[in-house]
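Q: Protein chains in written order, with the numbering used here: chain A, 536 to 1096; chain B, 536 to 1096.
Derived from the structure by calculation, the hints contain no laboratory data.
Note that the list lumps identical chains together, so a pair holds whenever it fits in one copy or between two copies.
In the DSSO-like style, the derived pairs of lysine-lysine whose C-alpha atoms are separated by at most 30 Å in a straight line are:
1. K537 <-> K861
2. K750 <-> K643
3. K1023 <-> K868
4. K868 <-> K537
5. K537 <-> K1023
6. K1025 <-> K537
7. K537 <-> K670
8. K1025 <-> K861
2 protein chains.
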Amino acid sequence: QKAGQLFSGLLAMNVVFLGSAFLSSMIFNHVAITLADVWILLSILKVLCLCWITYYLLGTSRQPHAVLYRDSHAGPVWIRGSVLLFGSFSILLNVFQIGYSTILIQCKSRVEIVFPSIEILFICTQAFFLWHHSKDCIQVQHNFTRCGLMLTIATNLLLWLLAVTNDTIHMEIESQLREVERRFAGKAPVPHPYLGNETTSCICPNTTICKVFQKGYILLYPFNTEYCLVCCSVLYVMWKNVGRRISHHVPHIKPQFKLHGVVLGPLLGTMTIIIGICVFMMYQIQATGSAPNRQVFVMYYSYYIVLLPLMSVVAVIGTIIHALEKKELDTLKNPTRSLDVILLMGAALGQIGMSYFSIVAIVATDPRDLLNSLILSYSVLLIFQNITQNVFVIDGLHRQPFVAAAEARHAGHAGQHAAASELPGEEETTTSGKEEHTQMSRDIEREMKEEQNHEAYDQRQVSMLELGQEIRKASLSYIHSYSHLSWKRKALREISFFLVLCNIILWVMPTFGAHPVFENGLEKSFYGYSTWFAIVNFGLPLSVFYRMHSIGGLLEVYITA
Amino acid sequence: QKAGQLFSGLLAMNVVFLGSAFLSSMIFNHVAITLADVWILLSILKVLCLCWITYYLLGTSRQPHAVLYRDSHAGPVWIRGSVLLFGSFSILLNVFQIGYSTILIQCKSRVEIVFPSIEILFICTQAFFLWHHSKDCIQVQHNFTRCGLMLTIATNLLLWLLAVTNDTIHMEIESQLREVERRFAGKAPVPHPYLGNETTSCICPNTTICKVFQKGYILLYPFNTEYCLVCCSVLYVMWKNVGRRISHHVPHIKPQFKLHGVVLGPLLGTMTIIIGICVFMMYQIQATGSAPNRQVFVMYYSYYIVLLPLMSVVAVIGTIIHALEKKELDTLKNPTRSLDVILLMGAALGQIGMSYFSIVAIVATDPRDLLNSLILSYSVLLIFQNITQNVFVIDGLHRQPFVAAAEARHAGHAGQHAAASELPGEEETTTSGKEEHTQMSRDIEREMKEEQNHEAYDQRQVSMLELGQEIRKASLSYIHSYSHLSWKRKALREISFFLVLCNIILWVMPTFGAHPVFENGLEKSFYGYSTWFAIVNFGLPLSVFYRMHSIGGLLEVYITA
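Turn these sequences into a full structure, and let the hints guide you.
A: In structure tokens, the structure reads:
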């Protein structure tokens, strides 16, 4: 097993390195390696992935005993939903691109229609694959499946890298164009970067549809990067689950998303979002205008400086409540959770790194200026907020879900279920003895069916007699559990809901174009244009991903609280 | 426990980020942040570490029940030896620097004597600490110790970062100076980078001692970088071992380093080293001369192209023999080994990344040129060699040591020891129930002592009578085991010894100044000076560390084979 993981990991590493070398060559030497070359490489990879996915869907997964176990933690609904959502936006993006290229067909090559088509096919197939198979613990063709998964992960990573470098260079070009525009007071289109110097000849005709394609392309771009990263994380969990065997004894009672009793968090959060959107609008109008004035930056940073300490304090309170609760810790093996923790910590590094660079730059120049002191406190608070939120979420993810027990009691099988769920999750990861195992599992299934029939028979007898009593009992217990939702659980839910809403607005702002770290010009002049550009290039996409990922983590904390 | 690890990890992360922001500011904005500022920051960190180490040596480790267990895998002799070796070279380096600054005291500030003094104190204390305490599994003041260790790790990492950036920029300055020298045919000293523009006023007087200080400084520099990394890895293992409890039932029988029966490997390896040194000498003389000609590059790369496939093939054969042997795998928890595996894979990334960049550059320019095709095959072979060697070493590290059993049989206690070593290592990482545990361990110690006394008494009775017979038996068993060293074990030893020697020469060449990736000019012109410089800056120190680390790993494989 280890050997298979090592081998497939090495495969992915080599593909990623080759791809990044290609990408860097394209960035630093436009002439020798063009964007078309990179696209050819990526298309080859995509076609290989498509072949493997098709083979998996039609061959591997349909073999007998291929998927005996499903990891109930893997691929929760919100992850699969975001795969679908971001996937459909990415498809739209590619459709726009095809449309744009078709209008300007006279100066663009045919391949610019072929590549997006392959991309669309790849996104559709992958989304379908992930929606249906993200929980699989495949038991056949281990090594081939591992290699296929790793190849797909590598392809997605490279697509992300391309999107990130493209996105930021696109930003750069846009800002340069704005200057040109200002100078000539004419209208210039947003050219596709790297693809030669057809900028001058390729001008978007003044039709609405062309403008729509251009604008849509710019708006939808961020979703594409998120799509790649989300796919990577789901695929990684699948890769970890290859060959894993999960005991049948752990029934996973899904806690439901319910809103009862939670008031303060949503209220405060919605207020934050509304104010945030106003600030964002004003920022966008002012900062993308002719000359960004100081006032708009002061407003933007003030908003953050009010919001961030609030979030930090709330997260600290949440952590303290977690410590007070003394709920038992969930120590079962759970690749999804381990990955979540690593991603939270890793993605936070981007934001924290950027903040430290800002801090050093400001302290070294002039920390007493109003705007500078605002940026300084903004950076410090951001670091503090990231750390406290991470501690809160990681702490919350390791708690046993509370609702599970309550639900079980509701259903009236409390004793039985509790006994079952208290059994330690015996995990066997050996791959031998497949035959006996499937025999065993069939036996268990038969037993379970008999038990169910028996229960059903019993209940039918009972139900006629005690129906009224049952209903009364159920409604009583509901009211009971509702009113007795302890203050600790209530507070945890309020806190996590509030943090979810805050993270949404903090995700929206950088995703849709507010990049004050770049636009305020302070760090840019301190580190020099290209250095600061590289730092932002690394940090910003990670911080956007961090916000999205912590929304997921916080939702999980909310549900299990 | 997890909380303590998380907290101390966050501390280290923040320190490292702050330090790297300082370093980057120094590199990209010489005026605002000078090298002196960075030194002040690092000196503060060093003093904090010194305080903690002193407290640990005098306070924590002397408390009752502080060190009940020692991790026998941690801090093997070759690691502690290299700490001492590199540490003493680093001290020498600092002495040279102090001497150099004292000679040029009229144009240098006093702090340039103060900082190296602090550095010397830090290196001495740390080396002493690591020599004596690297095996400790400390049981008191967990969190404080974790934070102290993490602070020391962060400081060492920052020292490494500073050394790496300094080292390469030093290279750059040297190469620029050579040009200046050529132009003016005069003599210019090697200035200290960053420390303002005293270059012109600070010329080394034409005394021998000043030249010695300069040359020694340049020669000893690489050891300093290695020292920091080695310290980091030892400290990390100590950090992982804080609060760990190890069962007393697993006696660790140290396999000895013996050379009997191994001939072919050392012979071939020594030949390789001798040829390598000749190639290196010629390269150094030619390439650092006025105009490096193609011939010397052809010679250098040819040497590698002959050597690398040989190493790869040998490693593959070794892996196959490992697979044939069917020795049981060692699956006990072992932080030292996990770290070794991660470091091997991580450090290899530097070399592999650089190779991929070279490949893309060559393929995109002109792969048919003689020198280019040599570089191309060199890069491909290097990737292949790194991967095969990693697989071989990782495979070898996970095998049960063979010698242990043989030694045990020698001693005549075969049954007893084998039974003891087959017991699974029961590890308890809970921190509660300390009292009972220490009670238990005292009981066990008393028992063991009694047993030993008993054995000794028995043996004394027996010894007088059967001494002659014993000696005869021992020598017979020695000859027996010597001749019956199975061909598989013999082959494994030959292979690992050969690879050790090869890695030594591959370590010596880049460490002492052969950097053809930089001097051949191909990639430099393709990616542009600064980009390629950054790539080499990242890759080269890692590849040097990789060679050193794989020497350690291969020695372990040799001993346990």
